[in-house]
Amino acid sequence: MGKPGSVISLQRCRALIVKETRELLRDPIYLGLAFFVPMLLLQLFGYGLSLDVKHLPIVFVDPDNNAVSRDYIDSFTHSEYFELVSVTRDAAEARDLMQRGTARVIVELPPDFARLLTGGDAAEVSVHIDGSFPTRAEVIESYVTTINALYNQQALRAYVEDFGLNADLAMPVELRVSIWYNPTLESINMIVPGLLVLILMLFPAILGALLIVREKEDGTIFNLYCSPIARWEILAGKAVPYIMVSFIDFLLIFAASILQFGVHFVGSFLVLASAALLYCTCTIGLGLLFSILTRTQLAAMLLTFLLTVTPAFNYSGFTSPVASMDELGRLIAHAIPATYFMDVVRGSYLKRLGFEYYAGDIIALAIYTAAVYGLCLAMLKKRIG
Amino acid sequence: MGDSTAVIQVAGLAKRYRKTTAVKDVSFTVEKGQILGLIGPDGAGKTSVIQCLSGVLSANQGTLSIAGIDCLAAPEKIKGLIGYMPQGLGLNLYNSLSVDENIQFFRELRAIPEEQYQRNRERLLEMTRLKPFLDRPAEKLSGGMRQKLALICTLLHLPDVLLLDEPTTGVDPISRRDFWEIIHDIVSERQVTVLLSTAYLDEAERCDSIVMMHAGEVIAAGTPQELAAELDDRVLQVSATGPEPVLASIREWQGLQSLDQVGERCRILCLPPAAGTKPSEAFTDYMSSRQVSAQALDLQPARPSLEDVFVAHMTASREDASAEETPRAVAASNRHKNIPERESAVTTRGISCHFGDFKAVDRVDLAIDSGEIFGLLGPNGAGKTTLIKMLCGLQRITSGTARVLGCDVLTGKKALRHRIGYMSQKFSLYRDLSARENMALYGGLFGLANRELEGRIGELIGQFQLDKFSQRRVGSLPLGMRQRVALACALLHQPQLLFLDEPTSGVDPIARRQFWRAIHELTQRQGVTVIVSTHYMDEAEHCHRLGFMREGRMVVADTPAALKAEAVTRDGGLIAVMTEQFAQAFRLLKPVFSEAIYYGRRIQWQSRNMDSDRREVEKILSGHGIEANVEELPLSVEEAFVNFIEHDSRRARVNGETG
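Order-wise, the sequence lines are chains A and B. Heads up: the first sequence begins at 1 in the working numbering, then just goes up one per residue. Heads up: the second sequence begins at 1 in the working numbering, then just goes up one per residue.
Just chain A, same shape as in the assembly (with noise of 0.2 Å):
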């Protein structure tokens, strides 16, 4: 029997790590786990969950149905916004088209609409919108609003024309609006660093989640219980075959974010690099908590499941800002690592910042992984009861 000395424990610690290398290479469903669903899942939400409203099915109802009208009719369908699916007299039938879904907006416009504006009347056009998704109707009502607006001031143009008046008319107020570091506004640039971090919250935190629980479920754990290995040297050899691998999906997604999804990326690849292998080790951790703390592979996957992505697909800036939610969101949103890898992720793709305004979040997310890994150490009993 050796004295436990650094260089025996490196050696223990090397058994472990051989050992789970090799059992995850030999084992198709862990494998499919640690590098397949990952980037399935990132094809699956990166095409799938774009927030873009565009070409949305629009009806008119047109009884006058005469040059103005249709003109009018036109200013919205030549927009890719909107997609005609029909145009009708009758304003039943497009309410019939928009309880079936096959539209999301009706304009209804009155049977004197080209009268009306001749006459210099102001004609009344209503707008019925779908409203059973909420940031849909509210995107509906505003592209409906703008394009309404720019008609009328062609039709204040032309109508000045006709008395005969200067047609350079300026409206008293212009805007000019510059769009920083997203310009074309397309959600794929926020998506898909988005996605990076949901990723790698969920895949390392279950591969992690069944190491030790199998041993459990398996018998082997008795091995490790049975022998002089120490608990830490029990958690890195867990740890870092499991980092490695998660290291790897980090590259993997990094590479199909800019090669397949076109993604744009302007900051520092250090920097994101070695917040990722410190995001990962976090989350191979939070993982391997839960699994000291359960005793089957299934309770484990669950208790993972809804402690894990749960709260960083809802909280930590996924979907909508971090500083627009309430006191409670906020506060699960500093509580979870995601947060702090989310700023630094989509800091890195879209401004060209320098380490100094990431370090917070580094210090952060160091000092999570510390927790989780002494908690870890903590609960870690070499025995079953």
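Keep in mind the hints are simulated off the structure, nothing from the lab. If you're wondering where the values come from, they're calculated on a predicted model, not measured in any experiment. We treat Cβ as the ideally placed atom computed from N, Cα and C, and that holds for glycine. Check each hint, because a few of them may be wrong.
[Stated by the list, open to error] Computed Cβ-Cβ distance ranges for the label pairs, DEER-style:
#: 1; chain 1: B; residue 1: D467; chain 2: A; residue 2: G219; range: 33 to 39 Å
#: 2; chain 1: A; residue 1: I29; chain 2: B; residue 2: S424; range: 25 to 31 Å
#: 3; chain 1: B; residue 1: G458; chain 2: A; residue 2: L25; range: 55 to 61 Å
#: 4; chain 1: A; residue 1: L298; chain 2: B; residue 2: D357; range: 36 to 42 Å
#: 5; chain 1: B; residue 1: R396; chain 2: A; residue 2: G219; range: 31 to 37 Å
#: 6; chain 1: B; residue 1: P634; chain 2: A; residue 2: L298; range: 49 to 55 Å
#: 7; chain 1: A; residue 1: K381; chain 2: B; residue 2: A562; range: 54 to 60 Å
#: 8; chain 1: B; residue 1: K77; chain 2: A; residue 2: Y47; range: 54 to 60 Å
#: 9; chain 1: B; residue 1: A652; chain 2: A; residue 2: G219; range: 34 to 40 Å
#: 10; chain 1: B; residue 1: L134; chain 2: A; residue 2: L298; range: 34 to 40 Å
[Claimed, not checked] In silico EDC-like pairs for lysine to aspartate or glutamate, Cα to Cα no more than 20 Å straight-line:
#: 11; chain 1: B; residue 1: K140; chain 2: A; residue 2: D218
#: 12; chain 1: A; residue 1: K382; chain 2: B; residue 2: D70
#: 13; chain 1: A; residue 1: K54; chain 2: A; residue 2: E138
#: 14; chain 1: B; residue 1: K140; chain 2: A; residue 2: E138
Please arrange chain B on chain A, whose structure you already have, making use of the hints.
Chain B alone, transformed into the frame defined by chain A:
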């Protein structure tokens, strides 16, 4: 026992899990270089004791120490000293890793120095004959091989203390013999202290001393010889082939503590006799008062076994000699059927089942009469399960024909299913349903309904005395009871052929006796044919005939007595050397008698020249001043089995057959 040499000490150990008490007030010590057997049925508390000692389980009361170190206060300090093997076939192995990789893992885990590692590894691989399989993944090893690999991994770091939890459960006799050889080898060479648990009472006779447990308590302790000596003169054997009233008379005898029918013989355990009387005389007197002579009964004294010890202690502690419940008359369920004439229940002609190049079953000819109990024995992977599946019509037949209950298994599959019952080792019952609900479910699956189903359930509940338990959830029933429920489920649709897969492993001897009694009744009164597949030699002894299988082939099929006789004719009777200095004696005898093995403290082998060997042994041992007792012993089924299988594999090697 001097405290100075006690390596393992357990005093007043108690362990409770929430509501249940697993262990109460258990005390024992194990001396350096001793093998102590912790024996008892499942649920006796054996595992808890071993886990407390290995430092992975806390105790509620008591003290435990290994080599003077307190296992409860300083568990980490003992972990370098011990080798612990958990219960289950090779449960400490990593399935996707190869044999070699598993060994490497344990080497690094235990930080074993290179030289020691190489030496040890070679030797252990040699002894276990696993060397040709170094690259095979652990999941592709047979049960026996897994267990041997598990033992290598446990022994690799040369532990001073071995804690083995049911290391031989489910292991075939050949692997089991290898296993014991390794244990005896390391014990005699390195004075390793061994604590092992087992549910096989016959196996415990191989230990130096025994602690017998039941329901968390120690019921008996001592050396096997001491324990057996308590029952001197109290175990008798009579023929069981006599007419029914004779057996009934025996059951009515006041001096009877327990009766067990094994094949053609009956074992009688007598109550402790009054001072100065011999139970055998009292029994002869009683039987002659019933007009049965000792000659007609073929009355003979029998060596008390550990099973007798267990039964004696258990029934004595119940203070009720007739506690052994008698299954009630089965006649009630007889009215449905005429008992068929002795005809063939199963006939196969050269049936084979190939999986690619692998011959799982290879040209098996078999004829089993109805009403017969037929045992299938063989190492894991010998083809027992595949053969049974083929007979049930669940496995395609590559070639040959099989007729079961008069139907061809291929064309008559559907009809057959209603006439066959199956009970597996794990008793495939739904744990959250009550016994009655389980029975209703199984009955429903076989198309029984309403009054017929209720009637059958009522009959079986009566027959197996399940009245008190029929409303309890199966999960909360003791194992022996669960086994009876499983048997009742398998019998609901009144099958004429019943398959049993290791039906009584882990069940306590009393429950096992009741179980076999029920089986005998079924075969005798209803002509049901029973096919048992097992590793359990006790179960084998209950069969009318046994078939030994190896590598897909039926090596031989005959009655236990004929098989034993044939093994004796081929390789001679069993010579047994019993001596205090057994380790020294073994070292002296092994070079001369290469077949010699340890069986507990006794050294034994099959000898063709009994008399000259006996003289030779006496000469060698007395030359070294060793006093020994040399005897000829009857062969057990296990020894006969090993003899046949080894003979067959030798023949296969000579003929140059592969595998």
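Review point. Quick check: which numbered hints come out false for this structure?
Key: 14
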